[in-house]
Amino acid sequence: MGLLRPGIPSAIAMGGFDPRDHFRIERLGVLGIDVVKAKTIKNAVEAHGWVGVILSVPLFIVFWAGALTLFFPEVSLWSNLPLRSVEASVQDSPPPSLSSLVEAQLRTVDADTKKPIFLSLPGAHSPFVELSVPIVEDLEEEGRAEFLVDPQTGETISRGHPFELASFLYALHYNLKLPQGAYIVGLITLFFLVLLMTGLVIQLKNLLNHFFLYRHDKGQRMRAYDIHTVAGVVTGPFALMYALTGLMFNLNVLFYFPALKVVYEDDQVALMKDAGFPRLQVEPAGVAAEMPALEPLIARVEAVHEAEVSALSFMAFGDENAVIRFSGMKDGFGKRLDVRYEVASQSFPEALNAGSETAFSGIVMPLFMAHMGQFGGPGVRFLLFLLAWGVCGLILAGNVLWLVKREKQLSSYPWSHGLVRGLTLGACTGTIVATAAAFVFERSLPASLEGRVWMVQFIFGLVLLASTLTGFAVTSVRRFLAWSAISTAGLLAWVFLWDLYVYGRSIVVLWQAGETASGAVTLGLLVSAAFFAWLGSRILALGADQARTKAGFSTGATQTSP
Amino acid sequence: MGAFLLKLMALQALFVGCLVTYGSSQRQYFFVRTLPAKLAWIFFILATTGALLLLLTVYDPITAGVYVLAAIMVDWTFVILASPHFSMQQGLLACGGLLMTLTAYLG
Chain A
1 MGLLRPGIPS
11 AIAMGGFDPR
21 DHFRIERLGV
31 LGIDVVKAKT
41 IKNAVEAHGW
51 VGVILSVPLF
61 IVFWAGALTL
71 FFPEVSLWSN
81 LPLRSVEASV
91 QDSPPPSLSS
101 LVEAQLRTVD
111 ADTKKPIFLS
121 LPGAHSPFVE
131 LSVPIVEDLE
141 EEGRAEFLVD
151 PQTGETISRG
161 HPFELASFLY
171 ALHYNLKLPQ
181 GAYIVGLITL
191 FFLVLLMTGL
201 VIQLKNLLNH
211 FFLYRHDKGQ
221 RMRAYDIHTV
231 AGVVTGPFAL
241 MYALTGLMFN
251 LNVLFYFPAL
261 KVVYEDDQVA
271 LMKDAGFPRL
281 QVEPAGVAAE
291 MPALEPLIAR
301 VEAVHEAEVS
311 ALSFMAFGDE
321 NAVIRFSGMK
331 DGFGKRLDVR
341 YEVASQSFPE
351 ALNAGSETAF
361 SGIVMPLFMA
371 HMGQFGGPGV
381 RFLLFLLAWG
391 VCGLILAGNV
401 LWLVKREKQL
411 SSYPWSHGLV
421 RGLTLGACTG
431 TIVATAAAFV
441 FERSLPASLE
451 GRVWMVQFIF
461 GLVLLASTLT
471 GFAVTSVRRF
481 LAWSAISTAG
491 LLAWVFLWDL
501 YVYGRSIVVL
511 WQAGETASGA
521 VTLGLLVSAA
531 FFAWLGSRIL
541 ALGADQARTK
551 AGFSTGATQT
561 SP
Chain B
563 MGAFLLKLMA
573 LQALFVGCLV
583 TYGSSQRQYF
593 FVRTLPAKLA
603 WIFFILATTG
613 ALLLLLTVYD
623 PITAGVYVLA
633 AIMVDWTFVI
643 LASPHFSMQQ
653 GLLACGGLLM
663 TLTAYLG
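From first to last, the protein sequence lines are chains A and B.
The opening position of the first sequence corresponds to residue 1 in the numbering used here, with each subsequent residue numbered one higher.
The opening position of the second sequence corresponds to residue 563 in the numbering used here, with each subsequent residue numbered one higher.
Next up, chain A with everything else stripped away, as it sits in the complex:
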């Protein structure tokens, strides 16, 4: 280890690098290099700064929630822990058949079998069979009854989903929980692409020279600038992939409606069929028919298609014309399974199964899988998660940079300065603290509490608002960031301790039975708490170091002056 540096010398001192070169774009013209080029870069800097600061909060929420959504199955399993019976999970009693389980639930409601009934099999995201049944002339629960059923006993665990944190975070990712939010996120993604392009224009000249540059000891502005640049340049390919795929998913309206109106003359069924997502219309005959045993059919589909079936949907359940659809993933990158079974003919007829694999769906599905990190296992998702955190750090550093850069200009307008600070830094860091608070309430509110899903979301919004207002009022950005990190650490540590105290035994038993997801989330919360505690204390320490340095300089100047 004699090769390694024991301390932290200054790279600037070795390289003779002027840290202010980046901000002296005007100098290029004076030096006679290329005035037009300098103006282009200057315009790109302005556009990048303003678009960035305006979009920072929704962009941060989209990336932050997206990072957590990469672990949707794990968070979902962790949330459902209070519903789990550890004893049931290790018993050897034969489980009831899936058909009988569906029929038992259908008897409890006035089901509208003209509409599809959805069934999710127990798997990576849930230990329960999840059933969604359309109800006749009932507008409650959006016209559907939701059931969580224990696959081992057939017992109804819950009517509805009491634990929706993972779904809430997913919704934040793709529509910010706003009306028409998907299109808003699409527009934000479009501007994110603009940010990436302008960022590239700004950095192009110094892309290689400054690739490894990070001046941690040159003040807040340089540090924020280098974090923003390093994270932006290094994670560029990742950010570009997410910008392009996100744009494709959320702004598909741009090509969907013109194609529907001009090419397909409003024939939505034909458009979806050509796209490789055929919609099946089944009219019940009104003649009752016995539904087949599902387990042998699932095994047959999995064997023939080398796939894993994760969901089923039933059209005209219990009718002579009934059709069962099997969905899931095939082996290989982004290959989906979509197979339909006709109950009357006891077969998978070609007429029902044609058109589910087209060139369009063959491209869309792999891109969707890449976007959601549904390939390669949890290790790949972990790497993508870290990269998404990197982009969040880049957005925060960009906000700090924008504020510090304009500190003097805005010093005469404290209200405006506070407003921008609150709406950027306050809301961005508030998203992190609010997520930690949502985890606390997801874990600690009783499962049977009416409206608990709404309460968890309300707490998220409340903490976000509180942080935004605090961001408006504070005077020190550094202390605000540090205490936000420390608050997050405290909340996450509290969840970890609660898990340990209340669900410790369940987690251990499930871990021993091979279900490691819940325990992994609990450990992840502990590691995140430690990380945020370290980050908070580090930011405070950096501030103290700089204050000491400043005090030293000013004392020295006073002493040496005549």
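In case anyone wonders, no lab produced these hints; they're calculated from the structure.
Pairwise CB distance ranges (calculated):
id, chain 1, residue 1, chain 2, residue 2, range
1, A, F458, B, F566, 39 to 45 Å
2, B, Y667, A, L280, 38 to 44 Å
3, A, R159, B, Y667, 35 to 41 Å
4, A, E357, B, Q588, 49 to 55 Å
5, B, G612, A, V262, 48 to 54 Å
6, A, W534, B, Y667, 20 to 26 Å
7, B, F566, A, P179, 43 to 49 Å
8, B, G612, A, L280, 44 to 50 Å
9, A, M455, B, Y667, 31 to 37 Å
10, A, A359, B, P623, 16 to 22 Å
11, A, Q346, B, F566, 43 to 49 Å
12, A, E357, B, G653, 48 to 54 Å
13, B, L601, A, Y256, 51 to 57 Å
C-beta: ideal position from N, C-alpha, C; glycine also.
Take the given structure of chain A and dock chain B to it, following the hints.
Quick look at chain B alone, frame taken from chain A:
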């Protein structure tokens, strides 16, 4: 050889490859002296190729390629931003190694 060991070797090779390229920069904080740039980048290319070949025995080509790219981005971001904050540079090695081991363990 188990999938875990193959992934572990691939990820550690990528981490060392990224660390060495960082060490060839004038801005580095890790080594006492800057490493020769050509040698460092040749080592990086060899490490990346080796890691890709190892991962190809576990994953399909697209997954292996994305895995390598993602690991390189994480390693470089981590090394550049963390290195100046370690008073003992062995800590950076330990943390980076641990991060890559955890990634390999997760699957």
